[in-house]
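Residue numbers (my numbering), protein chains in the order written: chain W, 2 to 272; chain H, 2 to 272.
In short, the hints are calculated from the structure, not lab data. Careful, some of the hints might be misleading.
[As the list claims (entries may be wrong)] Taking lysine-lysine pairs in the DSS-like style, the calculated list, with each CA pair at most 27 Å apart, reads: (1) W:K64 x H:K46; (2) H:K46 x H:K64; (3) W:K46 x H:K83; (4) W:K46 x H:K46; (5) H:K46 x W:K83; (6) H:K64 x W:K46.
[To be verified] One-sided and incomplete, this derived list gives chain H residues near chain W with beta-carbon spacing under 7 Å: (7) K46; (8) A52; (9) L55; (10) R164; (11) G168; (12) D171; (13) P176; (14) G180; (15) I181; (16) Y196; (17) Y236.
By construction, the Cβ of each residue, glycine as well, lies at the ideal position given by its N, Cα and C atoms.
2 protein chains.
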Amino acid sequence: MNVLMVFAHPEPRSLNAALRDVAIRELETRGHAVRVSDLYAMNWKTAVDRADFLNLDADGRLKVATASSEAFMAGALTEDVKVEQEKLLWADTLILQFPLWWFTMPAILKGWIDRVYAYGFAYGVGEHSDRRWGDRYGEGRLAGKRAMLIVTTGGWAEHYSPRGINGPIDDLLFPINHGILHYPGYDVLPPFVTYRVDRLDEAGFAQTAERLRERMRTLDTTPPIPFRRQNGGEYLIPSLQLRPDLGSAEATGFSLHRDERSPSESGSGNG
Amino acid sequence: MNVLMVFAHPEPRSLNAALRDVAIRELETRGHAVRVSDLYAMNWKTAVDRADFLNLDADGRLKVATASSEAFMAGALTEDVKVEQEKLLWADTLILQFPLWWFTMPAILKGWIDRVYAYGFAYGVGEHSDRRWGDRYGEGRLAGKRAMLIVTTGGWAEHYSPRGINGPIDDLLFPINHGILHYPGYDVLPPFVTYRVDRLDEAGFAQTAERLRERMRTLDTTPPIPFRRQNGGEYLIPSLQLRPDLGSAEATGFSLHRDERSPSESGSGNG
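Start from the sequences and build out the full structure, keeping to the hints where you can.
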């Protein structure tokens with residue numbers, strides 16, 4: 002299996018870097034090929050701007066989606082972006098690893114998404130018509146591949162629990178797991194989250210490392226989060242609202258977009 | 002009233018820039034003082050790194066929260082960050098304006114949050130003990146001020162509706178409204194969201210502009226989103242879980258953290 006790890010922490014001696022190395026060692030020991038995009042070490046250009054689109058008119062108004070599409074089609078994206086897109090196509094599994102800063106990813110990683118996820122590559126893929134709204138949410142260029150997050154946070158697990166003040170971790174990560182990973186096609190595995198990292202002692206690190214090794218050993222067998230597929234008949238087109246007969250009528254929020262029936266019942270099947 | 006608008010779009014001729022100017026004109030016409038942080042025009046440094054902490058040991062390991070705290074206390078944050086912090090203290094109302102990219106803010110704006118929201122300024126404020134978990138979520142250095150988002154997206158409103166495939170817009174924006182704005186104390190107003198912006202014609206723009214002017218006229222009277230306060234007795238300490246008797250027992254997700262009772266019932270009062 003080919004694994005791409007995109008890593009976003011500024012300090013090579015950080016806990017995040019130590020966990021990254023634990024994961025890589027375990028994967029390589031098991032014969033997988035691993036490539037790492039260490040965004041800080043690469044001095045990754047973070048903000049989308051005119052310079053990203055080599056075929057843009059010097060005087061033209063920058064419409065980001067249009068410019069992205071035209072540059073992708075013409076092969077006129079910048080070399081750093083093309084290299085990352087090739088890595089995504091090469092990898093069977095994508096891992097994004099980062100500390101949770103303000104309840105989402107650090108800016109440098111968001112900038113990797115904003116720039117690498119070009120129109121025609123990660124969005125704007127497939128037929129758009131009255132009957133089909135593109136290949137996305139379970140379909141798309143990266144369909145058939147797996148993805149997962151490795152996240153650290155200083156906060157307590159309770160604070161991210163279903164009734165915790167920060168909001169449930171799965172909901173906080175939904176815009177990433179569903180909106181960034183499931184969107185271009187990935188099957189998304191449950192995230193690996195480590196809490197209270199500022200207080201992690203040696204024994205705690207050893208436990209965390211072992212939990213992480215176990216996740217790496219089961220990367221290809223762990224059942225993905227059962228996000229619904231856009232084009233599986235569960236959403237109305239073009240409103241893209243969940244069919245009235247699906248999900249609890251009272252349910253609100255992100256949980257509607259998971260199909261929580263058992264695999265045999267839903268016929269989707271995992272693993 | 003003093004208003005700070007933080008603006009994150011790379012194109013001066015964009016719809017976003019036009020809406021920004023509509024908002025500014027309306028505010029200035031009504032006698033308010035407006036300052037704008039146009040992040041692309043300022044060439045804002047996006048990624049947190051060692052260079053942000055002027056008093057950091059050259060050989061020291063970078064622990065971001067610790068370095069942020071020490072630099073804030075010593076006045077050793079960089080000048081660009083200090084200027085933005087002063088603007089935040091000056092402003093009675095903060096507006097963040099951006100196009101929704103991958104269901105959250107563009108990287109350059111996330112980098113503004115990551116860098117300006119220093120430890121001791123926007124987090125790590127107030128007493129931390131067994132009985133009190135700091136001044137945050139309704140308290141903190143920016144308490145008593147108001148904040149709101151102005152957001153554009155290419156997607157349809159239906160796709161962001163309660164049963165829409167992207168997830169409800171209020172839930173997608175919760176990590177920002179609650180986790181970034183309510184956290185350091187702001188009263189957070191409902192966001193101003195414009196959908197299908199790629200198809201907006203002249204008449205549509207005129208309507209949108211008028212809706213936006215109305216929001217600017219009512220900036221100081223619009224009732225904020227009724228997010229619960231951390232230290233108002235509704236959360237257990239230190240687990241910071243919502244008291245078992247509050248919110249529906251079946252409720253899940255972010256809605257728990259809004260107090261939907263009427264102001265007279267909850268005694269919170271708006272306006």
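Against which earlier hints does the structure fall short, listed by number upward? 7, 8, 9, 12 and 16
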